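Asks: Generate the whole structure from the sequences, applying the supplied hints.
Heads up: the protein sequence lines correspond to chains A and B, in order. Following the numbering used here, the numbering of the first sequence begins with 1 at its first residue and continues without gaps. Following the numbering used here, the numbering of the second sequence begins with 1 at its first residue and continues without gaps.
Quick caveat, the hints were computed from the structure, so don't treat them as lab data. In this text, all values refer to a predicted model and were calculated from it rather than measured experimentally. Worth double-checking, as some hints may not be accurate.
Pairs of lysine-lysine, DSS-like flavour, derived with a Cα cap of 25 Å [stated by the list, open to error]:
{"id": "1", "chain 1": "B", "residue 1": "K215", "chain 2": "A", "residue 2": "K197"}
{"id": "2", "chain 1": "B", "residue 1": "K215", "chain 2": "A", "residue 2": "K196"}
{"id": "3", "chain 1": "B", "residue 1": "K201", "chain 2": "A", "residue 2": "K196"}
{"id": "4", "chain 1": "A", "residue 1": "K168", "chain 2": "B", "residue 2": "K232"}
Derived list of chain A stretches under chain B, where covered just means 3 residues or more per stretch with a C-beta under 8 Å from a C-beta of chain B [stated by the list, open to error]:
{"id": "5", "stretch": "149-155"}
{"id": "6", "stretch": "159-172"}
{"id": "7", "stretch": "200-212"}
The C-beta atom is built at its ideal place from N, Cα and C for all residues, glycine as well.
These are the residues of each chain, in order.
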Amino acid sequence: MIVGEQKPIAEIKEIVAPYDKLLVLGCGTCVKTCFAGGDDEVAVLSSALRLAFKKDGKKIEIEELTIERQCENEFIQEAAPAIARNDAVLSLACGAGVQDIARLFVKTPVLPGVNTTFIGIQEKTGVFTEECSGCGNCELAVFGGICPITRCSKKLLNGPCGGSQNGKCEVNPDIDCAWQLIIERLGMLGQLDNLKKYIPPKNWSTSNSGGPRKLVREDHII
Amino acid sequence: MNTETPSKLQQVLSNGQFAVTAECGPPRGADPEVVRKKAGLLKGCVDAVNVTDNQTAIVRMSSIAASTHLLQAGLEPVMQMVVRDRNRIALQSDIMGAWSLGIKNILCLSGDHQSFGSQPDALNVFDIDSMNLVRMVKDMRDEGRDMSGFELKGPPRMFIGAAANPFADPFEYRVIRLAKKIDAGADFIQTQCVYNMDRFKEWMRLAAEEGLTEKVHILAGVTPLKSVPMAKFMANKVAGMDVPDSLIKRMAGVPKEKAVEEGMKICLETIAELQEIKGIHGVHIMAIGWEEKVSEIVQGAGLASRP
Ligand code: SF4
Numbered sequence: 001m002i003v004g005e006q007k008p009i010a011e012i013k014e015i016v017a018p019y020d021k022l023l024v025l026g027c028g029t030c031v032k033t034c035f036a037g038g039d040d041e042v043a044v045l046s047s048a049l050r051l052a053f054k055k056d057g058k059k060i061e062i063e064e065l066t067i068e069r070q071c072e073n074e075f076i077q078e079a080a081p082a083i084a085r086n087d088a089v090l091s092l093a094c095g096a097g098v099q100d101i102a103r104l105f106v107k108t109p110v111l112p113g114v115n116t117t118f119i120g121i122q123e124k125t126g127v128f129t130e131e132c133s134g135c136g137n138c139e140l141a142v143f144g145g146i147c148p149i150t151r152c153s154k155k156l157l158n159g160p161c162g163g164s165q166n167g168k169c170e171v172n173p174d175i176d177c178a179w180q181l182i183i184e185r186l187g188m189l190g191q192l193d194n195l196k197k198y199i200p201p202k203n204w205s206t207s208n209s210g211g212p213r214k215l216v217r218e219d220h221i222i
Numbered sequence: 001m002n003t004e005t006p007s008k009l010q011q012v013l014s015n016g017q018f019a020v021t022a023e024c025g026p027p028r029g030a031d032p033e034v035v036r037k038k039a040g041l042l043k044g045c046v047d048a049v050n051v052t053d054n055q056t057a058i059v060r061m062s063s064i065a066a067s068t069h070l071l072q073a074g075l076e077p078v079m080q081m082v083v084r085d086r087n088r089i090a091l092q093s094d095i096m097g098a099w100s101l102g103i104k105n106i107l108c109l110s111g112d113h114q115s116f117g118s119q120p121d122a123l124n125v126f127d128i129d130s131m132n133l134v135r136m137v138k139d140m141r142d143e144g145r146d147m148s149g150f151e152l153k154g155p156p157r158m159f160i161g162a163a164a165n166p167f168a169d170p171f172e173y174r175v176i177r178l179a180k181k182i183d184a185g186a187d188f189i190q191t192q193c194v195y196n197m198d199r200f201k202e203w204m205r206l207a208a209e210e211g212l213t214e215k216v217h218i219l220a221g222v223t224p225l226k227s228v229p230m231a232k233f234m235a236n237k238v239a240g241m242d243v244p245d246s247l248i249k250r251m252a253g254v255p256k257e258k259a260v261e262e263g264m265k266i267c268l269e270t271i272a273e274l275q276e277i278k279g280i281h282g283v284h285i286m287a288i289g290w291e292e293k294v295s296e297i298v299q300g301a302g303l304a305s306r307p
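Replies: Shown next as structure tokens:
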């Protein structure tokens, strides 16, 4: 999923301050799962904003709404009437959701209420970890299902750096060394020979480095 | 066994002489005098001098420029190059540039992560890894081609080094990694500082068993300890460093004013022991910011007569 984290309330307050009528728009998929922008967060954030502005003596009308997904037109249209009645939208979706709303409602300012952090998983309740960089050319088959491009702090493809100690990454003792994990996993799979292979320089042209990407599925275009 | 290059360090190693290299950290500033001064301290007592590339991710004079100053001062530089700050385009271009200036040795490294440095907000590069870098320099030299396969007019012909850390984990993998670096094209290896001699010897034994010590020149790293706090810092704060408690105790066992002396003693004993290990072809003395100690170490170790 896309993992995100709500922006600090002070920052949100500042970006929404110029508007009198605000729609706080949640997204019911990824950001709901990571407690950043689902209906619960919409409710809590809206109350907090109302209270904060009231304290400042500023009048602001806040409407709350959460749709299933902010990255699909079909769901976005459900929010169209609410968007039309407000001066601005504070989107609690990921950056893709924010931009999709902005693309479809060109005259409405769409503001981000969430920092999109990474593509990851919920390792356990409340703990999210980054797993994928979306490089456009998945090489997980060689690495025992653990991505060194994302999970090694130096994107090393040919084994651990000299800073790996006790299974931890030199950058931060809270981070597992991806290479330690890869080696352990390849051991369990009986594929330790993979470690001897020279992995050539990565072709980054399929990543964001090749410019913004577009996927066209001719077979699905109607 | 290796492609012949005009490197003097290669010559020393190929002749079977025990090589000595030292390290010179470029200044946090643009004054070449600082480099020249360090050069003066190292001249005549070492075969080559590593010039670090923004070590610990702190911005310094570039390794190419500082290497050039060393050249002009009559020393042979080993230009360190990390993949943290340059993509493959910049790396290839800088290697050709360095060669054109007379730099004949390179040490290919990943580089310390920028979060350790003075500008943790920086974007890192890591377009290729240090293994890929070794292969790239080798292909430029032996095939005369850049990474795109383009035939270079006057390719750089550097003597290629890589680093190895026998003290990092997982230990069993460290020999595989060494083998990969040699396959990729490393002619010489400089290791992390040796304090844990038992572990180092075990690594060397495994490397020899795989026939690796026949294929590459290994220079063992040493750093003299200055004090107990320094020993503790190295033990606990420096990633991939292994300083056994027994050494810290030994340092602590002498009065404070004798600590430097004791550190030197340990260093010389280490060098003597390293010289006995089959496959060790030299020492790499890392005494950054303490360059004046290098000649003393070289003298003390009986390695003073450099060719
Ligand atoms: S310690 Fe492990 S995860 Fe961290 S940079 Fe080194 S190899 Fe990568």
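Asks: It remains to establish, for every hint, whether it holds in the given structure.
Replies: To see whether the hints hold, each was checked on the structure:
1. B:K215 to A:K197: The given pair, whose Cα atoms are some 18 Å apart, holds under the 25 Å limit.
2. B:K215 to A:K196: Holds: K215 of chain B and K196 of chain A sit about 17 Å apart, inside 25 Å.
3. B:K201 to A:K196: holds (23 Å)
4. A:K168 to B:K232: Measuring from Cα to Cα gives roughly 20 Å; hence the hint holds.
5. 149-155: Our answer is that it holds, as 3 residues pass the Cβ test (under 8 Å) against chain B, meeting three.
6. 159-172: Answer holds; 12 residues pass the 8 Å Cβ test.
7. 200-212: holds (count 4)
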